[in-house]
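As you go down the protein sequences, you meet chains B and U in turn.
Read left to right, the first sequence gives residues 1 to 144 (our numbering).
Read left to right, the second sequence gives residues 1 to 355 (our numbering).
In short, the hints are calculated from the structure, not lab data.
It is possible that some hints are incorrect.
Which chain U residues stay away from chain B? Per the calculated CB distances, all over 12 Å, these [stated by the list, open to error]:
id, residue
1, Phe12
2, Asn181
3, Gln189
4, Thr201
5, Arg249
6, Asp282
7, Asp306
Label-pair distances were calculated between CB atoms; the ranges are [stated by the list, open to error]:
id, chain 1, residue 1, chain 2, residue 2, range
8, B, Trp92, U, Gly110, 54 to 60 Å
9, B, Ile106, U, Gly224, 40 to 46 Å
10, B, Leu60, U, Ala60, 37 to 43 Å
11, U, Thr161, B, Leu97, 44 to 50 Å
12, B, Leu105, U, Pro40, 48 to 54 Å
From a predicted model like this one, the values you see are computed outputs, not experimental measurements.
No residue lacks a Cβ here, since even glycine has one placed at the ideal position from N, Cα and C.
Now for the letters of each chain:
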Amino acid sequence: MASGGGSFTGFLLRSMGLLRVEAPAAYALMCARLAPRELSTSVDGELCPLQFAAESVRVLAASVAPSVEVQTTRRTILDLVDARLTLADAVWDERLLLRGGPADLIAFHDGFTAWLHGAVRSPSFPDLLRDYRAGTPGPIHEQR
Amino acid sequence: MSPQPLERLISFSNHFRRPLLREPGATPHKEWFHFCVLSPGLDLFINYSLMEAEIPGLPAPRESARVCVLVRTDAGWDGDVDTIASHDTVIRRSGIDATFGPSRMRFHEGAFELTAKLCDRPIELALTLVPLTMPLMRPNTPLEAGPLHWLVVPRLSARGTVRVGERTFPLDEAPAYHDHNWGRFRWGQDFAWQWGFALPTLPESPYCLAFVRLCNRARTSDLGHGLFLWKGGVQRRIFREGEVQITPRGWFAPPRPSTAHGTGIAKFPRPLALLAPEQRTDVPRTLDIEASARGDFVRCRFETEDLAQIIIPDDNDFGITVINEVRGRLVMEGEVAGEPVEMEGRSVFEFLSHG
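For reference, chain U alone in the conformation it holds in the complex (with noise of 0.2 Å):
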């Protein structure tokens, strides 16, 4: 049987692009797979990346490949990043297939099929994600060293199970996301994101969400925005630029350390919080999203819950770059063709500062 168009496009264009030959001098290339599964009891974020960076004495960058697994469970976060060793690492050049270490990612019969182990903490997944809606792919937004691409694939079916601990999590028709970003450039540049997605929380709601913002470090100049808007398995509408309106409102206060010692806000890697202690962000409590044009408009309010931290050494200096990945609601409404367009889910976003 020939492949579906659906799992034809995705194979098609969601392969790694990372270079077969490193040249010295190049900016670094960075490159991740991120998948995202929001099910009752259980939040999860997967990454699997690729990240050059230029290290003394070699002339040209050196690839790391890492793992990064959160878990939100009512015992809160745990997780890990856990760095590969390139031995123990396996990109493929056919097909969307790599292994990481003790993890695997691939793209096989119309479905991502992913396994993790961490290594330090007692966590470890076999899922299978099925494709409910086309791909976008977002080529060419211009960083300070050259461009980044995005690809998402924002609804996904994920069945299979999450082990933490001594608690295993069957997910069966669990709502997820996936996007896989590439491009070149060095962490602690001047750019930064915002980008999110929303899932409804009615399973036979046919919308679903995705929105990006790339700005300066200090959020005073915007590289692009998009909102972008699916139907179905289909996009339904895409607001560029100077239709789209993002503002945010007040800022999230993070609930105090329930014990003594505790640490407050979840930061990953673990031995970076060192670096990185403030238990104070600058994460809004809410962000309100307006888009309109050509009689179209849609509104959107996130709200904050909860956060955890990934932190990232800064390639240029010794700065730090923190990740905010934002579990949170969202509630859109707007009208689209002359169509009511309503929406109420479970939403992630995350939002970039510096330190």
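If we strip away everything but chain B, and leave its shape as in the complex, we get (with noise of 0.2 Å):
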């Protein structure tokens, strides 16, 4: 994977990383929660697919039959980060588009949820979101 330099697939990977090293419990919570679905994130239009099974996620070289779309912009996710904005909020003023069946979303919204839990729980997580807010580089964690 040659993404990086504060991407958000670069970020989004890292983070997978860490959570499955960090935090397993939560990375394994998210994965059976998602599964077995493809998720299809665009943030400013940067694509990055993923295949989620029951034990682990891993990127696509391109979006094949996503259950769940998700888009949104980098300022989006740091106003969520920076709790100027609430998900709810995000949502219902079309800053965050979902598009996918109820039970999908409903799948989306738990997996992100403990996607969320290991976050705050991992130790190099605020490391991580200090680069991708400044934009910079960093380690990559190969998920295929």
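Hey, can you piece these two chains together into the complex? The hints should help.
Encoded structure:
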């Protein structure tokens, strides 16, 4: 995987690697809740399709048949992280676009919540967030 | 010159309790030094903490150092919780002296010297807090996994400066409070606390008080509680357990967000707001505390004015513990040893809830 440099793809992949090592219970819960779905994320047009299995997640070269599509911006992500915006407001105001069937969207919500619980328990996440905020590159944990 | 009794007592009793060796399988040790300053135009909360937590794959708990600074001005709440790298944390073995990255806390020549500088928020402070009352230690309150210990110095005088963004707040003889807590527990276990203190509005008023109630998470069973009253520099009266009646009334309704996307209640650290977005709390609108024993009685009413939340991930599961830091006013009246007791003042309470 060649992405990095503070990109959303780099941030997301580093986060998955950190979660797997530093918060394995949250990683396992996230995977269990999202499997066997494909999740397509797009941040400022940067695409990152993910395929979830029961115990792992991998990046796809291209989106195939996403169960859930998530579209947002870097600005919205940082507003959420800095509590300037709630998730509900982001969706309501169409700053976070979600597309999928009801069961798939519920699975996304539950999987995302598991990711958040892991993120706030992982010692390395503050540095990861700082790098993303600053747009600086960091090591990417291979997820393929 | 030999140290004064108050200085000596604090020096001998208020040192760090963190374990020198981490035992595999031991319940994690938690410890924090908490300070509040209530001055006109600026309320300040400073917390230096050492929290052990079990990390998957590690044989013994790992310690994290944090500095939390919250300020409340006419512009609202600001602040953050900074995690300090272990190589930037120095807990000195002698005395009360610790460096947390760019921040430092020490007890030196009879006063607490506090400096703090947040990493991502423009908040910086340098304060000297002189104790005005004798400390009280309340050790060994039993929690699920081990005892919790509490040492309180309820009244201090603060001077120094606090910078919040472009604004500088000079403090001189500002009322302040301090406590130190330590014990072995995991966040999310079956306990909660309701704790508070009040300092008089009038500097010449001799009284101040502290209150603590430890209970189970459902608040249906008390582990212990007490109301502690000081007059001048010394303890005047302690009411314990069955001598104290606690009555919450109503629910505090935080003001509606003032902007289209305001998040209403200030929550720290900010990313944790994603896991606790609720804009309702179970913080009471008022809390009545009535204590009586052997002819003495005290009646207090705390009225909630405002709050912020500190959100802590639970250790045991994917729950969260929310510490509601609540500003308000407290009125006290009563009689102790035939002498009328009265006080009206600023007050801070903490109410724990879980999500």
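Each hint tested on the structure:
1. Phe12: holds, 34 Å
2. Asn181: Nearest chain B Cβ is 22 Å from asparagine 181 of chain U, so the label holds.
3. Gln189: holds, 16 Å
4. Thr201: Label holds. Min Cβ-Cβ 33 Å, cutoff 12 Å.
5. Arg249: Non-interface label on arginine 249 of chain U holds, nearest chain B Cβ at 29 Å vs cutoff 12 Å.
6. Asp282: The claim holds: aspartate 282 of chain U sits with its nearest Cβ about 20 Å from chain B, beyond 12 Å.
7. Asp306: Holds, because the least Cβ-Cβ distance between aspartate 306 of chain U and chain B comes to about 17 Å, which exceeds 12 Å.
8. B:Trp92 / U:Gly110: 54 to 60 Å: Holds, since tryptophan 92 of chain B and glycine 110 of chain U (Cβ atoms, about 55 Å apart) stay within the stated range.
9. B:Ile106 / U:Gly224: 40 to 46 Å: Because 43 Å falls inside the window, the suggested range holds.
10. B:Leu60 / U:Ala60: 37 to 43 Å: holds, 40 Å
11. U:Thr161 / B:Leu97: 44 to 50 Å: The hint (44 to 50 Å, Cβ to Cβ) holds, given that threonine 161 of chain U and leucine 97 of chain B are roughly 47 Å apart.
12. B:Leu105 / U:Pro40: 48 to 54 Å: Cβ of leucine 105 of chain B to Cβ of proline 40 of chain U: about 50 Å, so the range 48 to 54 Å holds.
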